[in-house]
Structures are given as C-alpha cells and as structure tokens.
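Undergrad: Residue-level listing of the chains:
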Amino acid sequence: MRFERDQVRTLMIFAVLGAVFALGLWLPMHYRGGSLRQRVEEAQRQIAGDRARAASLDELDQEIAQLKAALNNSPGQVPQTGELANLLRRVSNLMHAQDLKEQQVVTQSVTQGQDFSIIPLSLEFKGTFTQVARFVREVETMERLIRVTRLEVRGVNKEPGGPVSVGVDLCTFFAPDNPEDPR
Amino acid sequence: MNEINFLPRAYVIEQMRQRRVRREFALIAMAIMVMAGWFLIAQARMDQLSFYTQEVESQAQVMREQVKQAIDREAQRTVLSRQFRIQRELAPALSYSQVLATIGALLPRSMAIRDLSMLGRQPTVDLPSGGKSGGGDASAAQAPDRQPDAIRITLVGVAPSDTEVANFVGALADHPLFANVKLLYCKSAEVGPLLAREYRIEVEVPLDRQFKPRKAGTEVAHAF
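Taken in sequence, the protein lines are chains A and B. Take the first sequence: its letters are residues 1 to 183, numbered as in the working numbering. Take the second sequence: its letters are residues 1001 to 1224, numbered as in the working numbering.
Because the hints were derived from the structure by calculation, they are not lab data. Glycine residues also receive a C-beta, built at the ideal position from the N, C-alpha and C atoms. Treat the hints loosely; a few may be bogus.
As the list claims (entries may be wrong) - Here are the in silico distance ranges between beta carbons for each label pair:
#, chain 1, residue 1, chain 2, residue 2, range
1, B, Val1191, A, Thr141, 31 to 41 Å
2, B, Pro1160, A, Glu124, 23 to 33 Å
3, B, Glu1074, A, Leu27, 42 to 52 Å
4, B, Pro1008, A, Leu27, 49 to 59 Å
5, B, Ser1110, A, Gly167, 26 to 36 Å
6, B, Pro1008, A, Met29, 46 to 56 Å
7, A, Phe14, B, Ala1044, 24 to 34 Å
8, A, Thr130, B, Glu1190, 23 to 33 Å
9, A, Thr81, B, Glu1190, 45 to 55 Å
10, A, Gly167, B, Arg1088, 20 to 30 Å
Input sequences plus hints: build the corresponding full structure.
TA: This is the structure:
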C-alpha cells in the first residue's frame, strides 16, 4: 500500500492534533477534575466528621448559660485570686459599720489545695450581741464566699445585757482557673 | 458503454487528488470541531465542579469554625463546671447567723445567754499531687474525717427558774434544726442582787439540715 504525500500530511496533522488535544486539553482537564473531586471528597469527609461535634454547639451554649445563671445565683462567689487586701478592707468596713470595739484581725497561712485554696482569718472584737449577730450575718452574706467556722461569744461583765467579747474564725477561698498556677 | 473518456490520465488523477484533499480537510475540520465541542462541554463541567467544590469547602470551613467554637465552649464549660462544683462544695449548708437567729427565737425573753460557743467543721482541701502546701495547716487539710459534720454549740446563761431552762431545752430538742441537746448543769448563781439559775447547754446542728425560717426578721437582741 502506498500513501500519497497529502495523505501523509493529513495523518501528521491528525497526529499533531491528537497530541495537542491529549497534552494541552485532556490531560490538564483530567488532572484538574481529579484534584477538584479529591478536594470535594476531603471536604465531605471533614464535614461528616465535624457534624456531630458542631451539632453540640447549641447544647453547649445552653449548658454554659445555665452554669452562668447558677453561678450568679449562688450565695457567694469564689474569686480566682486571693484578693486578701480587698477582703480585709471589706471585713474592716463591716466591723466599723457595726461600731465594734477593740478590733483585731489576724490572717493565717493560705492552705493551697488542688482545686481551691483556703485563706483563714481570725477576728476579735467587742460589742453588743445585736452588733455581733448583724456582723456575722453581713459577713456570711458578702459577695465573696465566706464561711464562719468558729464563733465564741463571752459576756464581759458576767451580767446579762452587757458587752460581749467575740472571737470569730472565718475561711474564705479562691480557685484559680489554672490549678497548676495558684496565685 | 458508448461513452468515450477523452480526458488525459494526469487530469483525472489530479481531480481525484483534489477530491481526496478536500475530504481530508473536512475530516480535519470535523476533528477540530469535535475537540472544540468536547473542550467547551468539559470546561462547563469543570466550572460546575469547581463551583461545587467551593461550596463544599465553604461548608467545611463553616463546620471547622463551629468545631473551633465548640472546643472553646467545651473549655469554657469545663471552667464553669469546676467553679460551680467548687462553689457548691464550699457553700455552707447552714449559716451561723441563721442558727443564731433560731436560738434567739427559741430563747424565752426571761432568759439570757452569757457565753456562746459555736464550732463548725473546718473546710478541707485536696492537696496537689506533689503535696505542696502554701505553709498552711497541712495536717488539718489532710484529716477531714476527724471533724464532725455538725456545728457544736455551747450555751451558758442565766434563767429565773428551772422551768424556763427546761422549756428552753425542750424547745431546742423539739426543733428540727437541732440534735443531741444536753443540759450539762443548772445551778444557783447570783446575778447582781438577784438569785438566778445558771445553765450550760450543749447542742449540735447537723449540717445536713435545711434552714426554713418561720418568719422573717427575727431579732435576737434579748439573748444577752
């Protein structure tokens, strides 16, 4: 079989066209399509994996709102730091507000715990029983959580209705957000 | 069969070649058109796929943001849960002022309390795993079981007669807030020019009790 020159030329044109088509159009398109499909699969896999966790967002928001409300409604707050100066100022103000005499405040060493730390305080003063009762009530209803652990009331004159000498042990607390770093 | 072809052979061959060349050009043109058509369709599909990919990836991005938010919220919930647990653990079940007010309300007006002692449970901490303490009373922190879950109250006072003391002890014993009411003694004592009965009472307030006031604003001024 013999090919004419124009037939050979046509075959060569077909070959060049085929090569251009394969290398210039089909191959880039094929790679691009493959890459896009891979991205789609990856994104869909990620969506499927994250869907459950993302769906819990509303539930988490509700829980956080409930916890915040519960914390705001609880009787006393536990700060993140000791804030001893502020505490002493508040206690001193309360004692002055009740006009208590011979006030003495002793702070003791902080006991550091895993979750929270305790600041013990000892107070001594003199006043009437009404003043003492009001002072104890004011201390126990402070914004900061304070627990009275000991209350000693002694009549000064051994006469009913007279002034009383009072010793009070208090504990207050602080709980840093990061328990490894108690301040 | 009476047709006679007078055309020269070279002319015929040339005509055949020209027809073949035209067919070949037509074939090439058709092939180019098919390729162009394929390219346009493929490009349109690719654009669709690209658009779809962007959509899915933006959804995935939104989902990633939501997961990040969920992780933040979980951390926040952990902190708040811990704060709530600590506050619940530390908040006293009963306050001393409530107990004082209750004693004052039960105490007959003719009686007086001279000395009062209330001793409750010291709060304890779980020491860190390293056993580190800030110089505080570590022994008290480590021995929580020795202290009772109750407020121990000792009352010393005077009353005009044994009857009032008995009534007061009875009222304390009947009150749901108090337990283990003990009258340690009731003896004669002189209060100024008067003869009275001096008493000493011990009573406990278990910390599992709930305080429910009968009426608000009860004052305790007459206790002393």
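Undergrad: Against each hint, give a clear statement of whether it holds in the structure.
TA: Right, here's what the structure says about each hint:
{"no.": "1", "hint": "Val1191(B) / Thr141(A): 31 to 41 Å", "result": "holds, 35 Å"}
{"no.": "2", "hint": "Pro1160(B) / Glu124(A): 23 to 33 Å", "result": "holds, 32 Å"}
{"no.": "3", "hint": "Glu1074(B) / Leu27(A): 42 to 52 Å", "result": "holds, 47 Å"}
{"no.": "4", "hint": "Pro1008(B) / Leu27(A): 49 to 59 Å", "result": "holds, 50 Å"}
{"no.": "5", "hint": "Ser1110(B) / Gly167(A): 26 to 36 Å", "result": "holds, 28 Å"}
{"no.": "6", "hint": "Pro1008(B) / Met29(A): 46 to 56 Å", "result": "holds, 52 Å"}
{"no.": "7", "hint": "Phe14(A) / Ala1044(B): 24 to 34 Å", "result": "holds, 26 Å"}
{"no.": "8", "hint": "Thr130(A) / Glu1190(B): 23 to 33 Å", "result": "holds, 26 Å"}
{"no.": "9", "hint": "Thr81(A) / Glu1190(B): 45 to 55 Å", "result": "holds, 54 Å"}
{"no.": "10", "hint": "Gly167(A) / Arg1088(B): 20 to 30 Å", "result": "holds, 29 Å"}
In summary, the structure agrees with every hint in the numbered list given earlier.
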